[in-house]
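**Student:** Spelled out, the chains give:
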Amino acid sequence: MSMGFDTATAVAWIGRAAKDIRADEARLTTLDAAIGDGDHGANLARGLDAAVAALADKPPATPGAALVTAGRALISKTGGASGPLYGTGLRRAGKALDEAVTTGVNDGGADVAALASALQAMLEGIQELGGAAEGDKTMVDALAPAVASFTEAASDGAELPAAARAAAEAAQAGLDATVAMRARKGRASYLGERSVGHEDPGAASVTLLLRALAEVTAS
Amino acid sequence: MTVGLVLVSHSPALAAATAELAGVLAGPEVSIKPAGGADDGRFGTSIDLIRAAVDEADSGDGVCVLMDMGSSVLTSKTLLADLADEDDAPRVKLADAPFVEGVVTAAVLAAAGQDLDAITAAAEEAWSAHKL
Chain A
1 MSMGFDTATA
11 VAWIGRAAKD
21 IRADEARLTT
31 LDAAIGDGDH
41 GANLARGLDA
51 AVAALADKPP
61 ATPGAALVTA
71 GRALISKTGG
81 ASGPLYGTGL
91 RRAGKALDEA
101 VTTGVNDGGA
111 DVAALASALQ
121 AMLEGIQELG
131 GAAEGDKTMV
141 DALAPAVASF
151 TEAASDGAEL
161 PAAARAAAEA
171 AQAGLDATVA
181 MRARKGRASY
191 LGERSVGHED
201 PGAASVTLLL
211 RALAEVTAS
Chain B
220 MTVGLVLVSH
230 SPALAAATAE
240 LAGVLAGPEV
250 SIKPAGGADD
260 GRFGTSIDLI
270 RAAVDEADSG
280 DGVCVLMDMG
290 SSVLTSKTLL
300 ADLADEDDAP
310 RVKLADAPFV
320 EGVVTAAVLA
330 AAGQDLDAIT
340 AAAEEAWSAH
350 KL
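Residue numbers (my numbering), protein chains in the order written: chain A, 1 to 219; chain B, 220 to 351.
Be aware that a few hints might be false.
Here are the computed lysine to any residue pairs in the SDA-like style, where the Cα-Cα straight-line distance is at most 20 angstroms [said to hold, decoys possible]:
1) Lys95/A - Ala303/B
2) Lys95/A - Lys296/B
3) Lys95/A - Asp301/B
4) Lys19/A - Val216/A
5) Lys312/B - Ala345/B
6) Lys95/A - Leu299/B
7) Lys312/B - Ala330/B
8) Lys185/A - Gly289/B
9) Lys185/A - Met288/B
10) Lys312/B - Gly131/A
11) Lys296/B - Asp307/B
12) Lys312/B - Asp336/B
13) Lys296/B - Lys312/B
14) Lys95/A - Ala300/B
15) Lys95/A - Thr151/A
16) Lys185/A - Pro317/B
17) Lys95/A - Asp304/B
18) Lys312/B - Leu299/B
19) Lys296/B - Gln127/A
20) Lys296/B - Glu343/B
21) Lys296/B - Ala133/A
22) Lys95/A - Asp6/A
23) Lys19/A - Ala50/A
24) Lys312/B - Leu335/B
25) Lys312/B - Val327/B
26) Lys185/A - Asp315/B
27) Lys185/A - Gly131/A
28) Lys296/B - Ala340/B
29) Lys95/A - Val52/A
30) Lys312/B - Asp277/B
31) Lys185/A - Ala133/A
32) Lys185/A - Lys296/B
33) Lys296/B - Glu124/A
34) Lys185/A - Asp287/B
35) Lys95/A - Leu302/B
36) Lys95/A - Glu305/B
37) Lys296/B - Gly131/A
38) Lys312/B - Glu128/A
39) Lys296/B - Phe318/B
Honestly, the hints are just simulated from the structure, not real lab data.
Using the sequences and the hints, build the whole thing.
**Tutor:** Right under this line is the structure:
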């Protein structure tokens, strides 16, 4: 049975992301303390908790609407740079998802191709807002490979669980690659050469988010 | 015509003090609204605070938004995207300008009755104004 990315799955993703980020908050904070200002873990946990609450408060009608609601909460409540970035990304993803979905009356969920275009829209939204390119040592360095991997898996005919797993693995590889990079964006960029040798916290949180996606879509 | 100004800073005190300084130069006719700090008053930025400041500062001639750095810029850009989706939203321009120097330039020109485009362009020239 092939499972679509339906409203319940979208809501579950946000909930799982909140849980996983909260569980790893200390590690994210340590990463951010090394090359940032030490608030990434706390900020994102706060934002995702607000997203979970917003979804409970205003149950979404579609998976796209779920991501838009979550995005809006992240923009308002996260703080730091990751609020506008993740929030805008999720809003764009949500809008793209609703546009791409061609299911019938029942909420069978978005298919892999629709989710691929939503993740692509998320990446584009983040890059447009923040101006980061791959290699700048940011969340984009985990997200771009993840989206490419998901899209490739989807066009190879993979089901949602396999595509999501591929994306999570690609994000991890992207995160590992940030260690050697020198930051060219954000607070870490002020550190120059001293930012080398540390994982980027934004790439670390992207990896957690995509792992959460793989977890909630696992067959 | 009086364009309003909104000052976005991670620091509530910095936004307020800069607004106060600019107010001395611009006089009471110009609406200069600080939007500093997060919702809870700590360091950071808040889209809701910025939006409220924009609404207060607008008298129909638009609002010039000046920002210190980082998430002030990201949050302001996000607000701009939100406003673009609204009917009857205030006309807002973000000035790519140094914070204090840009604010002062904008305030003086707003007091002189310049329009939003002229004020924003002048603030952006503040990058090249040397002090010594």
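**Student:** Taking the hints in turn, state whether each one holds.
**Tutor:** Taking the hints in turn, this is what the structure says about them:
1. Lys95/A - Ala303/B: 16 angstroms, holds
2. Lys95/A - Lys296/B: 18 angstroms, holds
3. Lys95/A - Asp301/B: 14 angstroms, holds
4. Lys19/A - Val216/A: 12 angstroms, holds
5. Lys312/B - Ala345/B: Judged against 20 angstroms, a Cα distance of about 16 angstroms means the pair holds.
6. Lys95/A - Leu299/B: 18 angstroms, holds
7. Lys312/B - Ala330/B: Given pair Lys312/B, Ala330/B holds - Cα atoms ~17 angstroms apart, limit 20 angstroms.
8. Lys185/A - Gly289/B: 9 angstroms, holds
9. Lys185/A - Met288/B: This hinted pair holds, its Cα atoms lying about 12 angstroms apart.
10. Lys312/B - Gly131/A: Holds. Lys312/B to Gly131/A sits at ~19 angstroms (cutoff 20 angstroms).
11. Lys296/B - Asp307/B: 18 angstroms, holds
12. Lys312/B - Asp336/B: It holds: about 8 angstroms lies between the C-alpha atoms, which stays within 20 angstroms.
13. Lys296/B - Lys312/B: Roughly 10 angstroms between the alpha carbons, so the hint for Lys296/B and Lys312/B holds.
14. Lys95/A - Ala300/B: Roughly 14 angstroms between the alpha carbons, so the hint for Lys95/A and Ala300/B holds.
15. Lys95/A - Thr151/A: 18 angstroms, holds
16. Lys185/A - Pro317/B: 18 angstroms, holds
17. Lys95/A - Asp304/B: 13 angstroms, holds
18. Lys312/B - Leu299/B: 8 angstroms, holds
19. Lys296/B - Gln127/A: Holds: Lys296/B and Gln127/A sit about 13 angstroms apart, inside 20 angstroms.
20. Lys296/B - Glu343/B: Holds - the C-alpha atoms of Glu343/B and Lys296/B are around 16 angstroms apart, at most 20 angstroms.
21. Lys296/B - Ala133/A: 18 angstroms, holds
22. Lys95/A - Asp6/A: Roughly 14 angstroms between the alpha carbons, so the hint for Lys95/A and Asp6/A holds.
23. Lys19/A - Ala50/A: Roughly 12 angstroms separates the two Cα atoms, so the pair holds.
24. Lys312/B - Leu335/B: 7 angstroms, holds
25. Lys312/B - Val327/B: Given pair Lys312/B, Val327/B holds - Cα atoms ~17 angstroms apart, limit 20 angstroms.
26. Lys185/A - Asp315/B: Holds: Lys185/A and Asp315/B sit about 17 angstroms apart, inside 20 angstroms.
27. Lys185/A - Gly131/A: Answer holds: Lys185/A to Gly131/A is near 9 angstroms, not above 20 angstroms.
28. Lys296/B - Ala340/B: 17 angstroms, holds
29. Lys95/A - Val52/A: 19 angstroms, holds
30. Lys312/B - Asp277/B: Answer holds: Lys312/B to Asp277/B is near 12 angstroms, not above 20 angstroms.
31. Lys185/A - Ala133/A: 9 angstroms, holds
32. Lys185/A - Lys296/B: 17 angstroms, holds
33. Lys296/B - Glu124/A: 15 angstroms, holds
34. Lys185/A - Asp287/B: 15 angstroms, holds
35. Lys95/A - Leu302/B: 17 angstroms, holds
36. Lys95/A - Glu305/B: 16 angstroms, holds
37. Lys296/B - Gly131/A: Between Lys296/B and Gly131/A the Cα gap is close to 12 angstroms, so the pair holds against 20 angstroms.
38. Lys312/B - Glu128/A: 17 angstroms, holds
39. Lys296/B - Phe318/B: Satisfied, since the Cα-Cα distance of roughly 16 angstroms is no more than 20 angstroms.
The structure is consistent with each of the numbered hints, conforming to all of them.
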